[in-house]
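Colleague: So the chains spell out like this:
Number of protein chains: 2
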Amino acid sequence: MEFSSKLLEKAVAEMSQLPGIGKRTALRLVLHLLRQPKSQTEQLATSLHQMRTQIKHCKVCYNISDVETCEICASHNRNAQIVCVVEDVRDVMAIENTSQFRGLYHVLGGKISPMDGIGPHDLKINELIVRVKKGEIEELVFALSASMEGDTTNFYIYKQLKEVHVKMSTIARGIGVNDEIEFADEITLGRSIANRIPLENALKF
Amino acid sequence: MEFSSKLLEKAVAEMSQLPGIGKRTALRLVLHLLRQPKSQTEQLATSLHQMRTQIKHCKVCYNISDVETCEICASHNRNAQIVCVVEDVRDVMAIENTSQFRGLYHVLGGKISPMDGIGPHDLKINELIVRVKKGEIEELVFALSASMEGDTTNFYIYKQLKEVHVKMSTIARGIGVNDEIEFADEITLGRSIANRIPLENALKF
Chain A
719 MEFSSKLLEK AVAEMSQLPG IGKRTALRLV LHLLRQPKSQ TEQLATSLHQ
769 MRTQIKHCKV CYNISDVETC EICASHNRNA QIVCVVEDVR DVMAIENTSQ
819 FRGLYHVLGG KISPMDGIGP HDLKINELIV RVKKGEIEEL VFALSASMEG
869 DTTNFYIYKQ LKEVHVKMST IARGIGVNDE IEFADEITLG RSIANRIPLE
919 NALKF
Chain B
719 MEFSSKLLEK AVAEMSQLPG IGKRTALRLV LHLLRQPKSQ TEQLATSLHQ
769 MRTQIKHCKV CYNISDVETC EICASHNRNA QIVCVVEDVR DVMAIENTSQ
819 FRGLYHVLGG KISPMDGIGP HDLKINELIV RVKKGEIEEL VFALSASMEG
869 DTTNFYIYKQ LKEVHVKMST IARGIGVNDE IEFADEITLG RSIANRIPLE
919 NALKF
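Protein chains in written order, with the numbering used here: chain A, 719 to 923; chain B, 719 to 923.
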């Protein structure tokens, strides 16, 4: 693509570095901004700048936060003895939306993925070990994705903590509510048979 | 969605104002930026800011440009007697890519679209009339999309200029090169029969 303006070219190049945004989409977005009032671009640029420079991570759970200790960790209404281990802030948001979990979180910041060059030391795993070894946590609930990387991460943490007195569980994997059995993939269906649960538990809701 | 950080929420809100980007995608993009070096966000914010505040429109053709008169209008190797009327900079880029047009452009900045509240006065139509009336242009080639809005815009300009001594043409509409006849829509196929061209012209390439 040949641009009639270096400024336009630069903006498109930067925009197209975002995941899933190619050159054409980037050009469409940038041209849209050009048609909108200047204030919109100003606000976008300022909010991105402020977000990137001022955002903090909670010093307890490493979730994204504006303050040193996030709202959830600072709350007196949460059960500090049960901690849910998640990949990133989106998982915290998804679990909070269910209103089914009243414990705290630990945000790893990703999962172990040798293919992407992410090892245990790139994640907040050591911080989790230290946090557990303080002895105040009774149960860790792992809520990582049911992928190879998620399982690897679960297993790595499990090995590090198996000598420590802490209960470890993982969220249930199985057929989703309202999903059709016939369309479920074999692995999920197979696991859901192997890990079947007492009927009275399933009827609770 | 409930965010754990106001800064994050603001950045996502601004990002999701872009067309085709919902809240979820915006969050994914913003979290991506958080994982990348600070410099990437800085460069994105700066380039958007500079683009929006410093970009100019060529005073002759209204194409996006870094200078008063764009490269194409300033070039001595272009034929200033033939002007191609297009909607926006993307069309200029597409036509330039073909290397088939050596004239100048006139960028309207959109097409007449009452549904979107865009009338003739929101576009550079008056500027085109003034430009043509100077008497240096011999032919206008309309390259607007073959939609209701494109045709309306063509017709509006045609009416304004029919008393003026200038040739007006539109780019050929018909079956695309390599397209299968059986899959062409009826209107395109019908028009391509009505506007058939001498075989020797079609064999030129």
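Wrong hints could be hidden among the right ones.
One copy or any two copies: either way a pair holds, since identical chains are not told apart in the list.
Here are the simulated BS3-like cross-link-like pairs (lysine-lysine), alpha carbons at most 27 angstroms apart as the crow flies [what the hints assert, rightly or not]: (1) K842 - K724; (2) K851 - K774; (3) K774 - K880; (4) K724 - K852; (5) K756 - K724; (6) K777 - K756; (7) K885 - K774.
Think of the hints as simulated: they come from the structure by calculation, not from any bench.
What you are looking at is a predicted structure, and each value in this text was computed from that prediction instead of being measured.
Colleague: Tell me the numbers of any earlier hints that the structure contravenes, in ascending order.
Modeller: 3, 4, 7
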